[in-house]
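Asks: Here is what each chain is made of, one letter per residue.
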Amino acid sequence: MIELDHLVKRFGTLTAVNDLSLRVEKGEFFAVLGPNAAGKTTTIKILVGLIKPTSGSAKVAGYDVQTHPLEARKRLAYVPDFPFLYDKLTPWEFLRFTGQLFQMSEEHIRKTGEELIARFNLEPYLTKTIEGLSHGTKQRVAIVSALLHDPAVFVLDEPMVGLDPHHARILKDILKERSRAGMTIFVSTHQLSVAEEMADRIGIIHQGKLIAVGTREELRQKSGVQGALEETFLTLTAQEANLTEEISSKIQ
Amino acid sequence: MSKHTQTFTPVWLLLRINTIQAGRRFLDTLAKSRLLTLLILGFTSGYVAFSFWLFYRGLTFIERFPGLGTLLTERLLYLLFGFLFILLLFSNLVISYTNLFRNKETSFLLTLPIPHETIFRWKFVESLLLASWAFIFLIAPLVAAYGLTRGVPWHFYALTTVMIGIFVILPGVMGAWASMFLARFMDRRGFQIGLLLIASIGLITVTFFMKPEPITDDVIETRVLAVLDRMLAKTRFTLFPLLPSYWLTSSILNWAESAISTAGFYALVLLSHALFFTTLGTLFSGSFFYEAVSNVNSRSNVFSHWGWFQKLQSRRQKFAYPPGFVETFLRSLRFLKSDDVAILTKDIRVFWRDTTQWGQSIVLFGLLAAYILNLRHFSQQLTNPFWVNLVAYLNLGACSLNLATLTTRFIFAQFSLEGKRVWIVGLAPMGLKRMLKVKFGLATTASLILTLGLVYTSCHMLRLPLDRTLYFTFGVAVMTFVLNGLAIGLGVLYPNFREDNPSKIVSGFGGTFCLVMSFLYIVISIVFLAMGAPWARSGTQPLHLLLLGWSGFAFVSFLVGWIPFKLALRKVTHFEISI
Chain P
1096 MIELDHLVKR FGTLTAVNDL SLRVEKGEFF AVLGPNAAGK TTTIKILVGL IKPTSGSAKV
1156 AGYDVQTHPL EARKRLAYVP DFPFLYDKLT PWEFLRFTGQ LFQMSEEHIR KTGEELIARF
1216 NLEPYLTKTI EGLSHGTKQR VAIVSALLHD PAVFVLDEPM VGLDPHHARI LKDILKERSR
1276 AGMTIFVSTH QLSVAEEMAD RIGIIHQGKL IAVGTREELR QKSGVQGALE ETFLTLTAQE
1336 ANLTEEISSK IQ
Chain S
995 MSKHTQTFTP VWLLLRINTI QAGRRFLDTL AKSRLLTLLI LGFTSGYVAF SFWLFYRGLT
1055 FIERFPGLGT LLTERLLYLL FGFLFILLLF SNLVISYTNL FRNKETSFLL TLPIPHETIF
1115 RWKFVESLLL ASWAFIFLIA PLVAAYGLTR GVPWHFYALT TVMIGIFVIL PGVMGAWASM
1175 FLARFMDRRG FQIGLLLIAS IGLITVTFFM KPEPITDDVI ETRVLAVLDR MLAKTRFTLF
1235 PLLPSYWLTS SILNWAESAI STAGFYALVL LSHALFFTTL GTLFSGSFFY EAVSNVNSRS
1295 NVFSHWGWFQ KLQSRRQKFA YPPGFVETFL RSLRFLKSDD VAILTKDIRV FWRDTTQWGQ
1355 SIVLFGLLAA YILNLRHFSQ QLTNPFWVNL VAYLNLGACS LNLATLTTRF IFAQFSLEGK
1415 RVWIVGLAPM GLKRMLKVKF GLATTASLIL TLGLVYTSCH MLRLPLDRTL YFTFGVAVMT
1475 FVLNGLAIGL GVLYPNFRED NPSKIVSGFG GTFCLVMSFL YIVISIVFLA MGAPWARSGT
1535 QPLHLLLLGW SGFAFVSFLV GWIPFKLALR KVTHFEISI
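Chains as they are written, first to last, in the working numbering: chain P, 1096 to 1347; chain S, 995 to 1573.
The following block holds chain S by itself, in its conformation from the complex (with noise of 0.2 Å):
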């Protein structure tokens, strides 16, 4: 030990490491690759300006409604930030599992003389920036525009900023607590199966709630203010006075108001609990989260004190031949060889087991399901046809939207998650070339199940005749093909074979432009799609801009998916395996 010391708290050691880090990385990416960093500033302000005008415009027409208008906007809010909390603490909960307990920084921490709570504390500050800064830059443009529309002072905007910097750490602080309850209590499966069966749940709560009751011919008469008494009532439960959402709301709207003491009273109770309960989750944590380490790295499996597990354990390890359902299944169909079932047989295992990837995928498409089933309950007050069709183009954007976030997430680190295992197949006589197209029709396939499903679905809770419905359906399904391709074709021409986390692969370059490139894709595709629909030239649509229409998707789905997988396969025709 050394007789010279001197002393540097650890906290602010690891701030001082952990920003030269994040400063590096900044400076590798703009170093890198320019295009990279144009392409996220093109992107990100492209996402503020948009949505600035949407939520101003939006908020302006909300505004006139005679009467009501200022209630509607402050419902709004209470609502947005209500649902914003919940979103928080999932948010929070799921990253600060991961930070703390699955983190490799956190065991290095572990063996250094840092206190325990100290390592706590700063976890918890890493997990906190990072499972907020998304929501406040997602909701930062709605509350702008509010401002704008209410024409408040300067000031509005520093208080408010200063306000959602507090109220997020409630959220932070219970998504840590939550996490380290579930880490002591339960395995990593019982974990994410909670959470899913939470989800789930909260899913179906929702789907319950919103459901609403049937409308009379008296009430007909007076339709919009009906709805809007019952959109009152329905909502209510975000005035409820203990919630930090309401405390937040409440500062704001009155700070908007210029009730500057009324804002200051919610302001400081918000302060109070946020400074509370921080104080209370960061001095006390320290044994319980070492306790909770422990547990996560010591334990097996939950159900491993039960006789049932147990014997199944032992017949498992009792080794079996025979081969399982998927291949048994996938050896049923004729026409795929017996290196294409290896790969497939190998990718679904592979899909299956890691809980994570199909946890994300069914989170997605659940919510977007929960939305379609719901939209039988509004086709009878959908009865004006320019409504039905909106509604219909913007679930084929919503479910395109929600396939491109999954194929750049998953489908894109295909190619480089076979990482240094490339050689078995690039070795093996069936090729890289074979390999890309069989990953491409799974991952192909899979995805028409699910879009195809969903807006088949969105068709016929909207009663959209037999000819839209096709025109949707097929309309999604090249949709399908291409952002699969996409995302095949750019993780050959991108790869990164150094990393083994999917999200890691996905933040380079590569991955970027993929998301880019589908979101674009799909917002074009739309255009052109409503361009070319046949039903309405019925009105004033000419014949040339139909045929721009088809023509126009028929070229750029041939751009965006097929060249990329072509180029792959190029590629990969040529490909050195370095590795």
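For reference, chain P alone in the conformation it holds in the complex (with noise of 0.2 Å):
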């Protein structure tokens, strides 16, 4: 469902994404981790076709989002820390612009858009203006507008943000309910106990590189640290920055 093959993203002498391969299944829950600046999001901005990859490609759903953009977007949904919403529309105003962008019927898009609202709790909200909502809200307004077309692919870049504890778990079993359904599920995360949690498979990104990718079990045995998935990961980050250090002083 989602195949980077060989991505490279420069800016100017900066490498942010590093010659990135790897293919997620469909029904398949994959969670990215990565410290700050490793090319997480300038990863998810190619996948989702907002900016072009300097050598390599990324397809959706089979459709490279270079070549077939349109295609690849139809079956895609994408949510990023801060998402975009029309201040001065009411949320279910919003839902329905999205719906019929994606050619949904006005008895889909209210029976679809019924269903995610009340798991949401959104009802309280449809009838004010987003502008005047919580962040949180609006990040449920969002991911409410994103799932509405049933995604074959979700991607979402720091779901957790502004979500209070009720709203985060609900957000953890739709996307676990999805994902056996057969969506498959992207997500960017600096929480380590939902990439622990939720993800079949997780990657990790360090300087531009896919470090590690595995089942929780797969990461803990490659790094050789028992524990928490924090351990492994910071095991596994360490190892690539000594390892790279290592390097570059005998290129020195």
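Honestly, the hints are just simulated from the structure, not real lab data.
Just so it is clear, the structure is predicted and the values come from calculations on it, not from any experiment.
For every residue, glycine included, the Cβ atom is placed at its ideal position computed from N, Cα and C.
Each computed DSS-like pair below joins lysine-lysine, with the alpha-carbon atoms no more than 25 Å apart:
id, chain 1, residue 1, chain 2, residue 2
1, P, Lys1223, S, Lys1498
2, P, Lys1223, S, Lys1098
3, P, Lys1183, S, Lys1098
4, S, Lys1026, P, Lys1223
Label pairs and their computed distance ranges (CB to CB):
id, chain 1, residue 1, chain 2, residue 2, range
5, P, His1230, S, Val1344, 24 to 34 Å
6, S, Asn1495, P, Lys1223, 14 to 24 Å
7, S, Thr1001, P, Thr1149, 34 to 44 Å
Relying on the hints, combine the two individually framed chains into one complex.
Replies: Structure below.
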């Protein structure tokens, strides 16, 4: 469902994504972890078609996001950490707008919308304009609008930011359900507990490279450390940093 | 994916939601503040009425010029639309760049199943409207006044409206293309520097172009005709038949003369070009637009491939503890405390690093400086003391109006811009009250350098005696204090901590109120200063008028400058930081 093939992205002399290859299967929940400025968001931006890769390719549901952008985006939903919403629309008007952009029928928008609205407890806010909503409520509106057309691939960047524990739980449950029903989920997060609890596989990006990928157990074995995912993550990124330092000192 | 689909074109959907949004914004403004609505309505209708009267009187005066009246009016219109085209091009370039490449909605739409061409088309229309409406509003009274002086039939106004509507499309398309081209190949800083460079080159070209030749004794005998002749020669470039402004003006002028077929010909030339370039621009720009968006979001500094830049960057990465130039300079001013220096350094650095801020200031005051410096060429023609005085007062007004624009745009928003960070200073020992005083001091000092410099230069160019020079510089100094006090005061009294964008902060009630108050203050002050001018007494000016002028100026300055500032100081003393 998601295929990243030798993806490279350079910003001037800085290589933000360095020869990254990855395949995420249909119905798989994939979490990507990494320190700040590791290249996670850049990878996501390439995947959703916001920027072009310097080389390599990204495919969504078999469609290259550069050569067949419309086909890819019809099957994709993306929720960034600070999503854009039209301030002066009500949540329901915004949901209808996105549903209509995805060519859903009124009946379908209403049926799916009502179901998602109820699950995310958005009923009290449906007649209020979005500008007056809290960050967490806005985040819930963005997530509902993304799920409305039942995308084949759902990409989320820090989805839990601003959500209270109750709604974070609801989101986790829905993502798990959808994933079981065949939706591919690609989440970038700093919350290791989310990855640990939810992900089928976890990828760790460090300095633009995918340094490790596998199930929680596989990563643990690779790091050689027992315990929580935090230990595994810290050990793997530290190993990579030491390796990079060693190589650069040898070069010098 | 849904099996039950219905088709809505994305443009229709975008149009619908943006219309809903615009309608709600309008209703919100009405509901939130009737005073704001009244202020805006009063100010706009005041502008329309005043400018229409002014243009009508001006055009009637020109029309009476024996033998040349019609020719002068026509040339005026050619010039107006020629410069309107250039201004629209510049405006479209800047607004298109922001709207296409620095806009959150654009990024959002790019992730949806909407073709790049459609997104570009939508943003193009949006930018065109944003960039053009104000210019159309500004020139409308002139066109109406022209119609009235020529006694044209009603359909002249209908045709002119349609023609101007078509005309603005051309600079819109060109501006959008230029912005895409620049975005594709230049980074933001390079773009801003490039824009300033183009503006400077344009300014220098105009400065030299407008420079008159020396006037000989023979010419003085027939001075008026000679000046007119030169003026017509210098503006002949507006008659170049390939200019869109030429087609528009020719069409309007011929329609006013009832030469319908010639007017129709030029109207069709304009329409065909507008259609051709719009089709070209909106059908084939999608992929180039996407390339440009990707480049804007991907690019590091434009110089990053150069060795010297890489060395500079690596040097910068090594952290230097010694303070920079600004801080060192401010520390050398013994009367400033260390926390004052911290606030001042922060404000100066933020201003300097935001090119848009000083870029706009340079453009505004640069144009005024170019005009004032050119006064030296006219000083030998301005022999009548009445005109010399009038020009001096007009310069004082222009300088203050420019300053009012800047104080409203930048100084008013200062307190709100502290926004969520206001607690840093609010909880620091210096407190908000002293912070305001420091900000006022900085803003006023910077403004004084500009206004005193410009007004002194104006007086010098007009060869005014020392007493008058002192009078004007004193007047502008007081006005500078007042305008800064007003902007800072109202900025505190009407803060908006939710917005990070200064232009949105300014567009609220407080900003509009500040602008209107500043303009009214300037007009009233100049009237009082004119009444209180000591040299006017040598004529028929009675003493009580002189005293009334001075006391009126002092009173209105106190009222507009000191009271809002004092109220602001009182407000911040008990300010509750609830962010």
